[in-house]
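Let the hints inform the model, and build the full structure from the sequences given.
Numbering (the numbering used here), first residue to last: 3 to 369.
Hint data in this document are derived by calculation from the structure and do not stem from the laboratory. Quick caveat, the model's predicted, so the values are computed rather than measured. Where is the CB? At the ideal position from N, CA and C, for every residue including glycine. Any given hint could be a false lead.
[Stated by the list, open to error] Between beta-carbon pairs, the in silico distance windows are:
{"no.": "1", "residue 1": "D85", "residue 2": "H346", "range": "47 to 53 Å"}
{"no.": "2", "residue 1": "T175", "residue 2": "R65", "range": "33 to 39 Å"}
{"no.": "3", "residue 1": "I277", "residue 2": "R82", "range": "39 to 45 Å"}
{"no.": "4", "residue 1": "G299", "residue 2": "E116", "range": "22 to 28 Å"}
{"no.": "5", "residue 1": "D165", "residue 2": "P303", "range": "46 to 52 Å"}
{"no.": "6", "residue 1": "A266", "residue 2": "D53", "range": "17 to 23 Å"}
{"no.": "7", "residue 1": "A295", "residue 2": "S99", "range": "22 to 28 Å"}
{"no.": "8", "residue 1": "A68", "residue 2": "D338", "range": "38 to 44 Å"}
{"no.": "9", "residue 1": "T120", "residue 2": "D78", "range": "41 to 47 Å"}
{"no.": "10", "residue 1": "T365", "residue 2": "D85", "range": "55 to 61 Å"}
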Amino acid sequence: MTTQRGNRLPDRDDGGVIVKPTPTELMEDAGSGLDFGTRPDRMPGLLTPIDRFFIRSHAPTPRIDAATWRLRIDGDAVRRPVDLDYDQLCGGFEVVSVQRTLECAGNRRVLLGEELGTTFDGTQWGRGAISTAEWTGVRLGDVLDHAGVDEGAVEVLAESLDDVRASRPLPMTKALAEDTVVAIAMNGELLPPDHGFPARLVVSGWLGAASIKWLGRLEVSTTRFHVPWNTEDYVLIGPDYPAHGPAQGEVITALGVSTLIELAWDARLPSGPQIIRGRAFAGEHTVTAVEYAADDGAWQPADITTAAVPGLWVRWQFRWDPTPGEHVLRIRAFDDAGRSQSEHTAFNELGYMHESVVAHPVTVCEP
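Next comes the structure, spelled out in structure tokens:
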């Protein structure tokens, strides 16, 4: 299909474009006025509370009335166009719940810039563009089946109702996966406005941009879609990533392996034994092991304390008895596909997919 050019907003900072409070004790301001990360030292459990779940938007949060909202399902690969209202979506299909982690492909963009000695345009994410919720809704496959999908269907284009009509295509195999969900609730509550009310996609293990918020249309096609969000943005562009058709580089889909320490950056800890905790994520795969190294010491195993599930981060911890002074902690994870974090991430023009082992500075105070 021909490339669709979106009217995307430039970066801007005009307060009031999101709904929920973003206090500095819970959230990190990424500087765009639209995007706020979760503070890593404010993650109390496996699931991220809604009040601190990260926000990534391409435009201000739309205020949508569920009474007039419709989900349009059409395209040359459906047997009949369908418009579902909110009651039909909520009451017409089997309800499912999945615990899944969402991460922006630009997470740790600032750290990648520091690693490569450069700066990148785009949202200036530190470590907080990742969160986890229990998503409740209906399977996307059931919704598509309601409209009748032809055997020749290749992709589904999900389109948002925000001002820029953000969109991202999914191949049919991913669209029909059991854990690809049209969500209407998160953590047992109706979706808040900033997180996609009245309905959003949750695409397990893929970059957050695929989990379209404020879902308004599903176009099912017998040919591939080329939109700004898979040709110009959310694409790895650079010497190591040749162009693929209309896409300027390698299109980002499933995410890599990453880890996160539940400490503030350059944290200050009291003297004495510590329990260091954190998260590890492997996109569509499961985390199988986590290791840590203190300063120049050898790698040692950390304990994984939650179940390993594809598309869901795990929690890990280890005991550490450091001497007072300046220290560096390094964490790396491994998954069931044989992947692990590397020491360096290759350059790409937009600063995506930072997967390096992070050297986390920690100061231990004198007793």
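Status of each hint after checking the structure:
Separated by about 49 Å at the C-beta atoms, D85 and H346 satisfy the suggested range of 47 to 53 Å. Distance hint check for T175 and R65: the Cβ-Cβ separation is about 35 Å, which falls inside the suggested range of 33 to 39 Å. At roughly 57 Å, the beta carbons of I277 and R82 sit outside the given window of 39 to 45 Å. Under the hint 22 to 28 Å, the C-beta atoms of G299 and E116, about 23 Å apart, fit the expected range.
Between D165 and P303 the Cβ separation comes to about 48 Å, which falls inside the hinted range of 46 to 52 Å. Judged by the Cβ atoms, the range 17 to 23 Å given for A266 and D53 holds: they are separated by roughly 18 Å. Judged by the Cβ atoms, the range 22 to 28 Å given for A295 and S99 is violated: they are separated by roughly 37 Å. Taking 38 to 44 Å as the suggested C-beta distance range, the pair A68 and D338 conforms, at roughly 40 Å.
Distance hint for T120 and D78: a CB-CB separation of about 43 Å, consistent with the stated range 41 to 47 Å. Our hint of 55 to 61 Å for T365 and D85 holds, since their Cβ atoms are close to 58 Å apart.
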